[in-house]
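There are 2 protein chains.
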Amino acid sequence: MRRVMVKELNNYINEEVKIQGWIYRIRKLKEITFMILRDRTGLVQCVIDNKTIDMGNIKLESVVSIIGEVKENNNILNPFEISTKNFEILNEVKEELPIEINKKQLEINLDTMLNNRILSLRHEKINSIFKIQNLIIQGFREFLTKEGFTEIFTPKIVAEGAEGGTEIFEVKYFENKAYLAQSPQFYKQMMVGAGYERVFEIAHVYRAEQHNTNRHLNEYISMDFEMGFIENEEDVMNMEENLLKHVLNKIEKEGKEYLEILNIVIPKIENTIPRIKFSEAIEILRKEYNKTDIDGDLDPEGEKLICKYAKEKLGCEFIFLTHYPRKKRPMYTMPCGENETHSFDLLFRGIEITTGGQRIHEYDMLIDNIKYKGLNPEKYHNYTSVFKYGMPRHGGLAIGLERITMQILKLENVREASLIPRDRTRLTP
Amino acid sequence: MRRVMVKELNNYINEEVKIQGWIYRIRKLKEITFMILRDRTGLVQCVIDNKTIDMGNIKLESVVSIIGEVKENNNILNPFEISTKNFEILNEVKEELPIEINKKQLEINLDTMLNNRILSLRHEKINSIFKIQNLIIQGFREFLTKEGFTEIFTPKIVAEGAEGGTEIFEVKYFENKAYLAQSPQFYKQMMVGAGYERVFEIAHVYRAEQHNTNRHLNEYISMDFEMGFIENEEDVMNMEENLLKHVLNKIEKEGKEYLEILNIVIPKIENTIPRIKFSEAIEILRKEYNKTDIDGDLDPEGEKLICKYAKEKLGCEFIFLTHYPRKKRPMYTMPCGENETHSFDLLFRGIEITTGGQRIHEYDMLIDNIKYKGLNPEKYHNYTSVFKYGMPRHGGLAIGLERITMQILKLENVREASLIPRDRTRLTP
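Chains as they are written, first to last, in the UniProt record's numbering: chain E, 1 to 429; chain A, 1 to 429.
Just so you know, these hints were derived from the structure itself, not from any lab.
Please note that the accuracy of each hint is not assured.
Pairs count within a copy or across copies, as identical chains cannot be separated in the list.
[Said to hold, decoys possible] No farther apart than 35 Å at their CA atoms in a straight line, the calculated lysine-lysine pairs in the DSBU-like style are these:
(1) Lys250 <-> Lys103
(2) Lys18 <-> Lys146
(3) Lys172 <-> Lys308
(4) Lys250 <-> Lys18
Whenever a hint applies, use it, and build me the whole structure from the sequences.
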């Protein structure tokens, strides 16, 4: 007998079916027992006659298989229930569950949630986070594929970091030292030059951040794209704007049931996302909020305030800041005049979710800029040599998957948007 | 003026367009020059009047922008050509190219190809490999999403390897030692138990293989799926069979132009893939090919011979070998009797492209089997504890992306199916 999923049961009224899943709730009365079964598609109430079926003291979350008739019935879950004929235990829970997961709200702290990740993920509110995350990923891919981008997978074991700094994990690679990629930056640029012109990658990247914050992970999923034959960073921002519209629209359409569970309304982008220069943002922060301690990049408070400004004065929860100072941007960033760059960040609800910009495409300028940043061009030979053989103007960006998930779903901590997060102190489960 | 892609030019006959790309070939005659331009969608011939436009000694592979009229003309590439009005150099190649990439065949050895990867990828035969690889990935996702699978991303920095053995890379993780994941095995099983039931992941995995062979990479893309509520490994094999049919069909339909460039005909799976027990395979090798040196797993010669047998005697280029010996399979594999397991490999054209099977879902049996394999259950606590709280019967498999690409496209070396491969000695580019 083929298993029927809970979501399909409405097609089987008055028929006998087999359903399988986890025991979500049990309410034992004198004559009958109400049991709620959960499978990956939903919940259904099963009525069990205590005279014919002895459930014993079976624990919640045990895995069971049930054969019964689908009968019309108005209960809180569905317009039908299962009249149980046969009850089989597939895998019994023998120990007390370490956390209680069968309530509307999961009232545990973050550490307990992550320590018992497999159980906490069974809770519909937590489960739904990753269903929405799936839609973000699918929307990203769909949109870019339609726009002529090729999906790539590039190495995460690298000889040299792309982003500079010391926040890089070391790997013992046979006799050599290697590192975990901080970003696919060099490789996605190379793939533009390799003739694919437009590429994207969704893959793990690694940052050995020393500090634990609510917005940083040491391993996260970076959604990157890079595109050739652009005029400047405006083309990249335009692409992101349309990409985000597509993604948000997809979530709204296809993620309804999960959004309801999470009680989330998807933000709208009307027309375009406001774009202001970083230097203007500093002016605004000084004038409007009396904040004067910015040096080259916004701090968390600055990000919050400029988003507040964007929402209240410009009517958008997103804001592009452009023309970041040259001294704060990596060596591959296209300069704009002496002190600025053709780069941008996208901020959303108080946090940066994208960094992007136009890249340098000319060999000599790249070598000069590496030196300007106080780095040694020799070390980047494998990267720079590509620029000798015909690299088009290009630019791109990266969106942190967990960050954008966190911001769309108004989660308090980015760890909640990672199935199995890695941070400074967390290597398990 | 908006850039038009070469593939769209047939919609612009007698109109003026802007095209951009790389100079693929130049043939200078007395009065005119024929230049072929390549963009990501194809090649087009441009005719340049030497009197009005001086191209100088511009080198092949320089990046250029051309404005001209699309005129009907029968040449080897298209039923049209560009009558050039304006010629602009966007980024000039100033050095001699290290390899010659503008011939029908790229006549260089593998090392030279990989050392000059960005240039070699511009060759249509090499470029096409990754276009087909894209279709494999898309087909895998499409099919599984339709079948109710949820896409997951699980950690690649892990405290403990899943596959056992010493072939594992060490990472310096702050004060701790960690490792690079050999597979998402533990995590995909956990996600089945977390209520998603059916999950897949396409991501990097790492094997510190000491030896360099034509079929191994130290970093590769593993296409994994895992499914709950199965009867046994047969359900997993059935799923793979339908998955492969979908993928092969997709390549055939959507990859025509690339298959033609590569001169490849896609293999057909008529009805089902033959399934024979590993022990039978050993018998066949002994009887038919006088091969008697098998111990627990096939060697490369054995794999080739059994595939030869499958093709010649069973009429299929694929073959499932089932019931592998318990002593050779990892501790999570469901035993079948005392000496066999509910596991399988899929072999295709002489190489294993999939390992899969049913997994142990009961806590006590798992602990016993870990001991049976001579391992310490304490070390696997984070994994095994999940099995106490209601794990359904489940199984799954992994397909090596580069391997299946290599086999479908009849490449000689798996490195050819990796954009930027990593092996024992190759950490760059």
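Hint by hint, here is what the structure shows:
no.: 1; hint: Lys250 <-> Lys103; result: within (29 Å within a copy, 44 Å between copies)
no.: 2; hint: Lys18 <-> Lys146; result: between (41 Å within a copy, 22 Å between copies)
no.: 3; hint: Lys172 <-> Lys308; result: neither (45 Å within a copy, 40 Å between copies)
no.: 4; hint: Lys250 <-> Lys18; result: both (33 Å within a copy, 34 Å between copies)
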